[in-house]
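Order-wise, the sequence lines are chains A and B.
Quick note on our numbering: the first sequence kicks off at 1 and runs consecutively.
Quick note on our numbering: the second sequence kicks off at 1 and runs consecutively.
Hints listed in this document are in silico derivations from the structure and should not be mistaken for laboratory results.
None of these values were measured; they are calculated from a predicted model.
Note that beta-carbon positions come from the ideal geometry of N, C-alpha and C, so glycine has one too.
Where hints are given, some of them may not hold.
Quick list of simulated restraints, FRET-style, between CB atoms [to be verified]:
id, chain 1, residue 1, chain 2, residue 2, range
1, A, Gly63, B, Leu78, 55 to 65 Å
2, A, Leu50, B, Leu82, 58 to 68 Å
3, B, Ala115, A, Leu235, 14 to 24 Å
4, A, Arg64, B, Leu78, 10 to 20 Å
5, A, Leu228, B, Lys24, 27 to 37 Å
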Amino acid sequence: MASTEHGGEQSGGSMPDPMHQFEIDRIIPINFFGLDASFTNSSKWMLIALLVVAGFLILSMRGRSLVPTRAQSVAELAYEFIANMVRDNVGTEGMKYFPFVFTLFMFILACNMLGMVPYSFTVTSHIIVTFGLAAVVFIGVTVIGFIRHGVGFLKFFVPSGVPAPMLALLVPIELISYLTRPVSLSVRLFANMMAGHTMLKVFGGFVVALGFLGGWAPLAFMVAFTGLEVLVAFLQAYVFAVLTCIYLNDAMHMHH
Amino acid sequence: MTKSAGDKGKRPGELSSEDRTHLKRRLSGLGERLGKVRSRDRPPSSENQRGRGIGYALRMSLDMVLAVVVGGAIGWFLDRWLGTAPVLLLLFGVLGVAAGFLNVARTYREMAAEASEASKGHTAKSVPFDDDED
Numbered sequence: 001m002a003s004t005e006h007g008g009e010q011s012g013g014s015m016p017d018p019m020h021q022f023e024i025d026r027i028i029p030i031n032f033f034g035l036d037a038s039f040t041n042s043s044k045w046m047l048i049a050l051l052v053v054a055g056f057l058i059l060s061m062r063g064r065s066l067v068p069t070r071a072q073s074v075a076e077l078a079y080e081f082i083a084n085m086v087r088d089n090v091g092t093e094g095m096k097y098f099p100f101v102f103t104l105f106m107f108i109l110a111c112n113m114l115g116m117v118p119y120s121f122t123v124t125s126h127i128i129v130t131f132g133l134a135a136v137v138f139i140g141v142t143v144i145g146f147i148r149h150g151v152g153f154l155k156f157f158v159p160s161g162v163p164a165p166m167l168a169l170l171v172p173i174e175l176i177s178y179l180t181r182p183v184s185l186s187v188r189l190f191a192n193m194m195a196g197h198t199m200l201k202v203f204g205g206f207v208v209a210l211g212f213l214g215g216w217a218p219l220a221f222m223v224a225f226t227g228l229e230v231l232v233a234f235l236q237a238y239v240f241a242v243l244t245c246i247y248l249n250d251a252m253h254m255h256h
Numbered sequence: 001m002t003k004s005a006g007d008k009g010k011r012p013g014e015l016s017s018e019d020r021t022h023l024k025r026r027l028s029g030l031g032e033r034l035g036k037v038r039s040r041d042r043p044p045s046s047e048n049q050r051g052r053g054i055g056y057a058l059r060m061s062l063d064m065v066l067a068v069v070v071g072g073a074i075g076w077f078l079d080r081w082l083g084t085a086p087v088l089l090l091l092f093g094v095l096g097v098a099a100g101f102l103n104v105a106r107t108y109r110e111m112a113a114e115a116s117e118a119s120k121g122h123t124a125k126s127v128p129f130d131d132d133e134d
């Protein structure tokens with residue numbers, strides 16, 4: 001399902017297609033009982049992101065020196081950053097979900113940052129990927145809520161101190177509000193990544209179209225915008241992790 | 001605080017109770033002054049504040065719009081399932097609008113709490129006096 005949007009025809013003309021970068025190519029076609037489970041360029045970059053994160057963390061922490069080397073201090077910084085985020089937002093008992101949040105953050109960060117490398121593919125610019133991640137968070141958090149509070153977790157959808165007739169109205173509203181979470185979580189990441197990358201390609205097209213004389217203005221803009229995109233790449237990974245923590249906190253302590 | 005332990009058992013290197021209270025007062029004054037210096041040296045946070053504000057604005061607008069979309073989608077699927085053409089779509093669309101407002105109100109409350117916290121925390125905590133008298 002993720003890999004059926006192979007664009008095919010290129011729109012002719014001098015301007016390169018800014019959406020071409022989002023096309024999915026099947027590298028190794030795999031048909032899994034009628035499901036298209038091909039190994040695509042998206043899968044390739046996910047794998048690369050995974051190897052980059054794992055490789056970086058393993059290699060940088062190999063020394064385990066008391067006075068960290070540069071790479072080790074970056075790894076420790078990342079660890080402390082997420083550990084403090086979980087502690088601040090969920091509390092110390094939330095630390096058992098720290099590995100999940102850390103993995104999520106590092107994976108999204110690596111995907112976003114690798115997307116900034118020219119000729120690469122931005123995995124997180126596809127909504128099915130971000131929605132998959134958000135759905136894992138959403139379902140996981142809901143399951144945690146039910147495990148911790150049992151059926152009492154349903155009280156999460158019942159605002160306290162409200163007369164019974166109003167509940168018929170308020171419970172569906174709460175339910176819709178709750179169901180908005182995975183959608184907004186995934187759309188935020190996907191929209192930011194896709195919009196930024198499209199913008200970069202469009203302005204890249206301007207540089208070529210305006211030629212040697214006029215191309216400098218969009219080029220200067222692109223340099224600044226690339227910096228902004230790196231910031232957005234980090235920020236969106238951060239926001240994803242923070243919201244995961246907030247949802248986790250809601251499920252564990254049941255207050256809005 | 002100081003339970004006047006008296007000066008009778010004073011050994012060299014120990015402080016009398018008056019000295020202690022005096023020292024405590026000086027320490028807390030130092031903490032206050034330190035906080036002032038720190039908040040002065042900190043770059044003006046308007047840039048930071050604005051960035052955070054934009055973040056909240058984007059979050060609120062997205063939550064608002066998506067709640068309507070999610071509500072509408074639920075209504076649409078229920079309609080298709082139950083065959084009650086446009087009724088549930090409209091009903092859940094309206095509920096979605098309400099859910100959107102609920103999301104925004106919640107984000108706002110969170111934002112206001114954070115803002116009041118930020119305005120409170122201008123002075124640093126006084127330096128703790130950890131020398132327990134015995």
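Task: Contradicted hints - numbers only - done: Hints 2, 4, 5 contradicted; others consistent.
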